[in-house]
Amino acid sequence: MSLIEIPVGPQHPALHEPILLRVRADGERVVGIQVVTGYNHRGVEKLGERSTWSKDVFLYSRICGICNTVHAQTYTQGVEAIGGIEVPPRAQYLRTLVMELERIHSHILICAVMAEVVGFDSLFMLMMRDREPVMMLKELVTGNRVIADYYVLGGVRRDLDEVKKDKILKVLEGVEARVKYYKKIFMEDYTITKRLLGVGVIKPSEAVAYSLVGPTLRGSGVKSDVRADDPYAAYGEIPFNVVTYSDGDSLSRMLVRLDETLESIEMIRYIIKHLPEGPIAPKTPIRTLHEGEAFSRVEAPRGELIYHIVSKGGDKPYRVKVRTPSFNNIINGVIAYRDARIADVPVILTSFDPCISCTERILVIDERNGSTKVLSLKDLSRWGK
Amino acid sequence: MNKVKLIKYSPWLLHFNTGACNGCDIEVLAALTPYYDPERFGVKLAPNPRHADVMVVTGAVTKKAAERLKRLYDQMPPPKFVIAVGACAISGGIFSGSYAVLNGADKAVPVDMYVPGCPPRPEAILYGVVKLLSKLG
Amino acid sequence: MSKAVEFLRSLGLTCKEVKQARRYVFEVSPDKLRVVVTGLIKLNLNIYSSTISVVDYINEGVIEVNYCLWVIDEKLMIVLRVRVPRDSPKVPTIHDIIPGALNGELEAYDLFGVVFEGNDKLRRGFLVPLDIANQGVFPLRKDFKV
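Chains as they are written, first to last, in this note's numbering: chain H, 124 to 508; chain A, 299 to 435; chain S, -11 to 134.
There is no bait here: all hints are sound.
Pairwise CB distance ranges, derived in the manner of DEER restraints:
#	chain 1	residue 1	chain 2	residue 2	range
1	A	340	H	317	31 to 37 Å
2	S	4	H	462	43 to 49 Å
3	S	2	H	438	30 to 36 Å
4	H	286	S	2	51 to 57 Å
5	S	75	H	364	50 to 56 Å
6	A	432	S	113	40 to 46 Å
7	H	410	S	48	25 to 31 Å
8	S	15	H	289	53 to 59 Å
9	A	408	S	84	48 to 54 Å
10	H	389	S	76	53 to 59 Å
11	A	422	H	172	32 to 38 Å
12	H	290	A	422	22 to 28 Å
13	A	414	S	26	51 to 57 Å
14	H	288	A	414	31 to 37 Å
Hints in this document: simulated from the structure, not taken from any laboratory.
Think of the CB as a built atom: it goes at the ideal place given N, C-alpha and C, for glycine as much as any other residue.
Using the sequences and the hints, build the whole thing.
Okay, structure coming up:
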């Protein structure tokens, strides 16, 4: 059997983290897929046991750059549950504000990436341009564009004044108009509907059995959102709708994200209007905890994020188990590739919003002659055109 | 003819994530969009390593990704340069000392330029590229 | 009262107190695990496997496997806690009952060496770099030194 490997760039401008999908194909049809992981395994859970409770906030923020504040939220809220630490209401609202800003930029990013994968480059550039004001807002509130480090145990680092509030409202107005326009494009544009409609369908019962989470689950019509079902931070007090689409295909998953972006903008307006007064952090920093454990859940932009934190007392965690949403969606999401065409593989993968994706090397094995090629997602997406 | 001088006018970038948190990656991505307009320096993203002049490495280099990184570097045609973007690519950052991490891109490939930050701003990344070009003379 | 919690209580399992709301922790012996999970699935509730969290209690010589299941309809989390001896950690697989438990089992085997009997997809090097996997050690156990 002769094996030919054509390694075409593990660099991709759009999707980032390294993962390898082994696609078994019979001609154009996908008959099997295997996910190869580990390129991005950094041993974070072990590192966390080495450091102290308060320093670990920064470590866990850096598990994922795009959803860093939700990681910080999950960790701090778990630690606060063990220690019985009260977080002031103003800090809860500010945390919610930053998490929603993050959701907006993350959802716009993946929709832009999807546009790029289907070959709609101008839409990609436009969406990336309109994402910049949101990054600017994040910098305005937290002090940094991407990794915010906004959290401390028991509160947040920075307060919000009236000038910043006005600025946020003004910028979001522009963003809202653009997102509505992009939603129209995703629903009507020929190129996009042709590539996404009916591709990678997951039935609701399968979505639950295979433990898919977040927009992927809601795109299959299952109403499950941690923010509504298991309220944390200030979500219990803020009105919002849980968005679901019932088709279960790639387009539904993208539309869930676009609708959620609009919901998030409404939520931020509510937060700014109803921001309570008071302190934003405890006067003395928290250093030690007593024994206990917590199962902490948060709705990250990609779905349910869960930490299991075990404390044996003292200043260091005994064990922090992290399960990110993409870990479920990528590895168990292989069911969506059944009977897909090879060109649809990158579209389906992108529709999961894979947080680890992107050395994006896809190994295509032709069952008939046994030849093997390694292609990048980008090349695969070109095949479809 | 001096080949190094040739790439000065239009360096093509190869972006490789060796196990980053995505923070630097979205900033590299942002640096390539019209808002920051990299094409005024002739900077473009190369479609594959054989077309690339400058490799942009982001993230703490994990052991598994290090093999890929070396292979990619070997596939690039000389003259070639490497820019390490972000604290993790410089020294392993917050992940240094982990069992799965090599601590810094320079443990795997020679690095010509370091861009510090966690993550560095898109402007800083572009400044790093331009600075590298001016060094070439 | 919730159907799922009622069912688990009817099996004679005791619920451990947890500070957080909507969390129910039940201790289950390894040989009963499959019966319990099959019974839960047969209740016709939407249940997904949230995660499988493993904790290594080196001083007690015990490895604890926590199956975190989220019940979508009843909005509560059921944690099935299985404690196995540290020198031969073996639990039956549940990935044929809940397919979504597969990734958790693969991860737990690679990082902790918990063997899920009946799961033929377990392999080293799923996440751990091969130089460590080839030494036959499990990086997240407490006796592994970095």
